[in-house]
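Enquirer: Chains as they are written, first to last, in this note's numbering: chain E, 1 to 210; chain S, 1 to 148; chain X, 1 to 101; chain P, 1 to 90.
Don't read these hints as lab results, they were simulated from the structure. Check before you lean on any hint, since a few could be wrong.
Said to hold, decoys possible - From the derived model, a few chain S residues whose C-beta atoms are all more than 10 Å from chain P: (1) Gln41; (2) Leu102; (3) Phe119; (4) Gly131.
Claimed, not checked - BS3-like cross-link-like pairs, simulated, lysine-lysine; straight-line CA separation at most 27 Å: (5) E:Lys78 x E:Lys17; (6) X:Lys100 x E:Lys119; (7) E:Lys78 x E:Lys60; (8) E:Lys108 x X:Lys96; (9) X:Lys96 x E:Lys119; (10) E:Lys159 x E:Lys108; (11) E:Lys17 x S:Lys69; (12) E:Lys60 x E:Lys119; (13) E:Lys108 x X:Lys100; (14) X:Lys67 x E:Lys159.
Said to hold, decoys possible - Using C-beta positions, here's what the derived DEER-type ranges look like: (15) S:Val104 x E:Lys78: 47 to 57 Å; (16) P:Tyr54 x X:Thr18: 17 to 27 Å; (17) E:Gln92 x P:Ile53: 31 to 41 Å; (18) E:Pro65 x S:Leu139: 23 to 33 Å.
Every residue, glycine too, gets a C-beta built ideally from N, C-alpha and C.
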Amino acid sequence: MTQNPGTEQVQTGFFKKYRGLLLQALVLMALWLILSGRFYFEPIFYGAVSVALVVWLNSKIRHIPLSNGEILTGQRIKILRLLTYIPWLLWQIVMSAFFVAYLTLHPKMPINPMIVRFKSKLPNSLAKVILGNSISLTPGTLTMDIRGDYFTVHAIVDKVEQDLVSGDMESRVGQLYLDSCTPEEMCTDISITKRGLEAKKALQRDEEKK
Amino acid sequence: MISQTQSPIIEIAARGLAPVIQLLGIYVFFHGHYGPGGGFQGGVLLAAGVLLLRLGIGASHSQAQVTSKSTVALCALGAFIFAGTGLVAILWGGDFMDYAYLPVQWLEAADLRYYGILFVEIGITIAVMTGLIAIYDDLLGIGNAGNN
Amino acid sequence: MELIANVLAVFFLLAGVTFMLVGSIGINRFPDVYCRAHAATKVDTLGIMLFVLGLVFFTGLSITSLKLILVAIFVSLTSPVAAHALTRRALLHGVKPWTKK
Amino acid sequence: MDTFFTIVSAALVVVLLIPFYRVLRGPTVFDRLLGAAAVGVKIITLVLLFGLIYGRVDMFVDIALGYAVLNFIAVIAVARYFTTKSKTRP
Chain E
1 MTQNPGTEQV QTGFFKKYRG LLLQALVLMA LWLILSGRFY FEPIFYGAVS
51 VALVVWLNSK IRHIPLSNGE ILTGQRIKIL RLLTYIPWLL WQIVMSAFFV
101 AYLTLHPKMP INPMIVRFKS KLPNSLAKVI LGNSISLTPG TLTMDIRGDY
151 FTVHAIVDKV EQDLVSGDME SRVGQLYLDS CTPEEMCTDI SITKRGLEAK
201 KALQRDEEKK
Chain S
1 MISQTQSPII EIAARGLAPV IQLLGIYVFF HGHYGPGGGF QGGVLLAAGV
51 LLLRLGIGAS HSQAQVTSKS TVALCALGAF IFAGTGLVAI LWGGDFMDYA
101 YLPVQWLEAA DLRYYGILFV EIGITIAVMT GLIAIYDDLL GIGNAGNN
Chain X
1 MELIANVLAV FFLLAGVTFM LVGSIGINRF PDVYCRAHAA TKVDTLGIML
51 FVLGLVFFTG LSITSLKLIL VAIFVSLTSP VAAHALTRRA LLHGVKPWTK
101 K
Chain P
1 MDTFFTIVSA ALVVVLLIPF YRVLRGPTVF DRLLGAAAVG VKIITLVLLF
51 GLIYGRVDMF VDIALGYAVL NFIAVIAVAR YFTTKSKTRP
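All chains should be built: construct the whole structure from the sequences, respecting the hints.
Expert: Put into structure tokens, the structure is as follows:
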């Protein structure tokens, strides 16, 4: 599975090819330094050996595609934009916790659950995963399923459903990979189900189509 | 058998978190000298990292990392390291697991104890990790985990 | 300075415990498993983040507090994934979502 | 300060007992699992607080991390291998 670099390969090609592995090794080494907390020779040596072992073990499965046939290597995320995305996500977590706490403590509990299905134009699976987790952490929405380009989202009141289908968050996630994207074009083909049985039927229809 | 159809969230979360969990397992193993930890706990966390991949990307795909066939052999190797170190200490004149009697010339008795314990713990870690994976694979009937 | 840090720490600890209490009430009060997953994911995540922030104010900035923050990061990374796995399997299993009459 | 920590940990134990009602009562198995995961998150905070009480936070953080890992993997495992009624799914 692992491909050894040829001896005649130039240095830049090596770094380009193994950028993911080097990033992973750096992150794991930082994690080891935080965990260990001792900065003399012996723990750092053990850490280097352990990181090498873990990276070697996990490099064996890097070339296996996902279940939808997509290979994970070779996708570049824009790290600077990720650093601006994370504080916004933290703010959304605070907002969503207060919102759900308000719903919980309200004596009449003004909820109106519904299932929203929409098609997203995100370029790859990692972006979809980031969007799915962000949906789960933003106010009142929870990702139930991702199938192909279609997201099935459980929204708890009407207001959050409108926020969701406006495509604001999709464009923010899309900017991690794409150069420019507007909220209008990201989120299309919206269907809202307010009864449980129809949602399950829609899922089964998808299944039969495959 | 279990279908490979899986949500990409779980797949990518498994791929991303498995190295972290494995590194945490190795850290817990090395940390046995200073705090809670040691061979058994480190082995359990390492096995948890491998089993997360088994759950996340499917049992047949994750065979590329740790194959079912190698688990029983590695488990036996871990037990052999554990017992062999103790027996060598007996043969060179000490008690069972008396690391100061290990036949390594260029180390003093204190260092010998330190590295002897580390070596035995490596054996325990390998045995626990691969043993748990072998139990999981055998329960699901994946591959040829036990040669029965 | 010490006093301010302690006051902030007590405030954040109590806020974290309060949010976890609200999350627990939400798990019991909401009508079906999907709505309960909302409470378990979001409110508990903010609860443990605030709690860890309070603990960081107590211990001061050191390697230990970095490890504490690591716990919070790990929980906030894994809780949406766990909720997704649960609700997805519940939907495929055929648990009907509760809807307003 | 110790009194305060004791009170907070007692409050956490009470908070921790509330989802147990869902674990015992829950109509479906997913409710029970959700309650168990919520109990797990509260136990993590309880472990961290015990670390502060005993003055060994660096030691208890490792236990909390290990507990978080095992809590997550338990939920994923049960959610994955729960038998489904639907005919189209295996």
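Enquirer: Take the hints in turn and mark each one as holding or not.
Expert: Results for each hint:
A beta-carbon of chain P is positioned within 10 Å of the beta-carbon of S:Gln41; the least distance is around 7 Å. Distance to chain P confirms S:Leu102 as a non-interface residue, since its nearest Cβ pair spans about 30 Å, more than 10 Å. Its beta-carbon lying about 23 Å from the closest one in chain P, S:Phe119 satisfies the requirement of being farther than 10 Å from that chain. Residue placement check: S:Gly131 keeps its beta carbon more than 10 Å from all beta carbons of chain P (closest about 17 Å).
With a CA separation close to 17 Å, the supplied pair E:Lys78 and E:Lys17 stays within the 27 Å bound. A hinted pair counts as satisfied when its Cα atoms are at most 27 Å apart, and X:Lys100 with E:Lys119 qualifies at roughly 26 Å. Proposed proximity of E:Lys78 and E:Lys60 is supported: the alpha carbons are some 25 Å apart, at most 27 Å. Distance restraint check for E:Lys108 and X:Lys96: the Cα-Cα separation of roughly 22 Å lies within the 27 Å cut-off, and the hinted pair is therefore satisfied.
This hinted pair checks out: X:Lys96 and E:Lys119 have alpha carbons roughly 23 Å apart, not beyond 27 Å. In summary, the hint linking E:Lys159 to E:Lys108 is supported, as the alpha carbons are separated by about 17 Å, within the 27 Å threshold. At roughly 31 Å between alpha-carbon atoms, E:Lys17 and S:Lys69 are farther apart than 27 Å, so this suggested pair is violated. Restraint check for E:Lys60 and E:Lys119: the C-alpha separation of about 33 Å exceeds 27 Å, so the hint is violated.
Note on E:Lys108 and X:Lys100: the hinted pairing holds, with a Cα-Cα distance of about 13 Å set against a maximum of 27 Å. Between X:Lys67 and E:Lys159 the alpha-carbon distance is near 38 Å, which puts this suggested pair outside the 27 Å criterion. For S:Val104 and E:Lys78, the hinted distance range of 47 to 57 Å is satisfied, since their beta carbons lie about 53 Å from each other. At about 24 Å, the beta-carbon gap between P:Tyr54 and X:Thr18 stays in the expected band of 17 to 27 Å.
Distance hint check: the CB atoms of E:Gln92 and P:Ile53 are about 33 Å apart, consistent with the given range 31 to 41 Å. A C-beta distance of roughly 27 Å is found between E:Pro65 and S:Leu139, which places it inside the suggested range of 23 to 33 Å.
Checked against the numbered hints given earlier, this structure breaks hints 1, 11, 12 and 14; the rest are met.
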